[in-house]
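A.B. asks: Below, each chain spelled out in residue letters.
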Amino acid sequence: MDRVHQLTDTTTSADNQDSQGGSLPGDVGFWTFIVADASLFALLFFQFSLDRSSRPAVFDEGRRDLMVFFGTANTLVLVTSSWLMAAAVRAMRRHSVRTGLRLIAGTAALGLVFMAVKICEYGLALRSGHTVSTSPFFMYYFMITGIHLIHLLIAVVVVVVVGLRLRAGIRSPLDSTVLECGAAYWHLVDLLWMFIFPMLYLAR
Amino acid sequence: MLQTSQALRRAWVGLVAITVLSLAVAELSGISAGVETPFVIVAAAVKGRIILVRYMVERSFPLWLRCYFSVWLVGCATVIIGFHLIS
Amino acid sequence: MWAVGLFRIMVRIERGRILSYILLIGGVLTAADLMFSCFFWLTAAFRPEQDPSLIQLLYDSGWLWLDLAFGVAMLYMIPFGIIALRDTRTEPLFPKWLAWLGIWVAMEFLAELIMPYFRSGPFSWSGLINFWIPFVVPAAWQVTVSWFMLKASRRLNEEYESELARAEQSELARAGQTAAG
Numbered sequence: 000m001d002r003v004h005q006l007t008d009t010t011t012s013a014d015n016q017d018s019q020g021g022s023l024p025g026d027v028g029f030w031t032f033i034v035a036d037a038s039l040f041a042l043l044f045f046q047f048s049l050d051r052s053s054r055p056a057v058f059d060e061g062r063r064d065l066m067v068f069f070g071t072a073n074t075l076v077l078v079t080s081s082w083l084m085a086a087a088v089r090a091m092r093r094h095s096v097r098t099g100l101r102l103i104a105g106t107a108a109l110g111l112v113f114m115a116v117k118i119c120e121y122g123l124a125l126r127s128g129h130t131v132s133t134s135p136f137f138m139y140y141f142m143i144t145g146i147h148l149i150h151l152l153i154a155v156v157v158v159v160v161v162g163l164r165l166r167a168g169i170r171s172p173l174d175s176t177v178l179e180c181g182a183a184y185w186h187l188v189d190l191l192w193m194f195i196f197p198m199l200y201l202a203r
Numbered sequence: 000m001l002q003t004s005q006a007l008r009r010a011w012v013g014l015v016a017i018t019v020l021s022l023a024v025a026e027l028s029g030i031s032a033g034v035e036t037p038f039v040i041v042a043a044a045v046k047g048r049i050i051l052v053r054y055m056v057e058r059s060f061p062l063w064l065r066c067y068f069s070v071w072l073v074g075c076a077t078v079i080i081g082f083h084l085i086s
Numbered sequence: 000m001w002a003v004g005l006f007r008i009m010v011r012i013e014r015g016r017i018l019s020y021i022l023l024i025g026g027v028l029t030a031a032d033l034m035f036s037c038f039f040w041l042t043a044a045f046r047p048e049q050d051p052s053l054i055q056l057l058y059d060s061g062w063l064w065l066d067l068a069f070g071v072a073m074l075y076m077i078p079f080g081i082i083a084l085r086d087t088r089t090e091p092l093f094p095k096w097l098a099w100l101g102i103w104v105a106m107e108f109l110a111e112l113i114m115p116y117f118r119s120g121p122f123s124w125s126g127l128i129n130f131w132i133p134f135v136v137p138a139a140w141q142v143t144v145s146w147f148m149l150k151a152s153r154r155l156n157e158e159y160e161s162e163l164a165r166a167e168q169s170e171l172a173r174a175g176q177t178a179a180g
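Residue numbers (numbering that gives the first Met the number 0), protein chains in the order written: chain A, 0 to 203; chain B, 0 to 86; chain C, 0 to 180.
Simulated from the structure, these hints should not be mistaken for lab results. Model, not experiment: these values are computed from the prediction. Careful: at least some of the hints might be erroneous.
Unchecked claim - Cβ-to-Cβ under 10 Å is the rule here; a few derived chain B residues that face chain A:
| id | residue |
| --- | --- |
| 1 | 8 |
| 2 | 18 |
| 3 | 22 |
| 4 | 76 |
To be verified - Selected chain C positions facing chain A (in silico; Cβ < 8 Å):
| id | residue |
| --- | --- |
| 5 | 39 |
| 6 | 94 |
| 7 | 99 |
| 8 | 173 |
In this text, a Cβ means the ideal position worked out from N, Cα and C, and glycines have one as well.
Based on the sequences and whatever the hints tell you, model everything.
C.D. replies: Below you can see the structure in the form of structure tokens.
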């Protein structure tokens with residue numbers, strides 16, 4: 000397909016060739032990290048659902064105190080950031096550095112918007128008297144969204160570092176691998192939120 | 000192994016549309032919980048699949064990784080819906 | 000001892016030595032961490048007839064110490080991950096997925112920091128997130144790393160011997176040349 004335009008260095012591409020001749024983005028071993036993280040969240044979803052099934056009224060009461068508007072806004076922000084991230088990787092692979100940089104900046108900016116909205120939401124919840132120990136629902140709410148937020152923070156940092164190095168004119172195959180790993184991680188964060196949002200905010 | 004910009008854009012439109020639809024079903028319609036919850040969670044799984052295929056370029060995944068994510072999507076959706084329905 | 004063994008192998012991969020030393024220190028501190036917790040529990044069990052609230056206090060102290068200080072395990076897991084990833088051999092001594100798994104587990108230990116806020120549920124010391132994952136997964140990881148350590152030490156020995164043989168040959172060749180010339 001577009002193998003001629005792949006920016007990743009030859010050893011990484013060779014390592015990543017799968018049986019169908021495609022090329023796994025980023026570093027192969029890094030996907031272990033992604034799988035581990037996804038598994039952790041799957042366990043969290045399971046634990047939440049299990050606990051909820053024994054006390055549905057308590058959990059529903061907590062859910063009704065959440066502001067769906069914030070959750071929806073964050074969903075749209077994150078989904079858009081994922082689009083920009085994917086577009087950035089595509090631009091870098093086609094050697095359009097300036098476009099890539101702009102897209103990376105946009106991605107990071109939206110990541111920061113998500114975090115800002117989340118913190119506002121936390122502030123409002125805390126002001127209403129909800130904390131990690133007030134109800135099991137809010138324990139899960141703060142913990143799950145909190146762990147997710149930390150994941151997003153790490154992703155933002157990685158993306159910003161790559162962007163800064165790119166802007167400084169540093170071009171190395173390692174940077175492109177890191178960008179692709181960072182992008183994969185970003186999409187994972189997005190994927191997780193696709194479940195977290197309805198599970199916490201919408202499901203009755 | 001590049002996604003076209005059209006494919007990326009279409010994926011975004013799909014994700015936004017499904018999000019708005021989920022919101023409408025959950026908050027604005029009068030549908031009962033027994034229907035609403037499976038709907039929004041299946042919608043989440045569909046969105047997850049779009050992200051996997053379009054943004055994460057699932058076709059470049061080795062078999063084990065494809066299997067893992069398929070099981071993950073189906074498993075998470077089933078577990079969440081299952082526990083919601085039995086409570 | 001395990002830490003020392005790993006240190007010796009890691010030193011052969013890493014060019015500088017800083018991360019390897021951090022790894023060694025991390026391994027030693029982790030062992031010490033486990034030792035201290037055992038002291039608390041041993042003390043609690045020493046006189047089972049004493050006031051139950053005292054036993055509870057010692058028991059809790061043991062767990063709080065263990066979980067919070069287990070962050071030191073990050074000191075050997077992350078350097079291991081970094082050194083293993085930077086291995087420039089065509090076939091690295093440790094697979095990349097193992098390095099990344101170690102780094103992931105180390106990050107998960109950060110979740111342990113939240114443990115004191117919970118007395119029950121999945122985030123308490125006995126819960127899914129703060130017990131099963133931080134102890135079962137690293138244990139499995141450590142066993143896997145040990146397996147690769149054995150393979151690695153054999154390979155390093157072979158590398159050393161072949162280097163020695165090559166050095167001897169070039170010595171002989173040079174000696175032969177000076178004798179002829």
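A.B. asks: What are the numbers of the hints that this structure violates, sorted from low to high?
C.D. replies: Hint check: 5, 8 fail, others pass.
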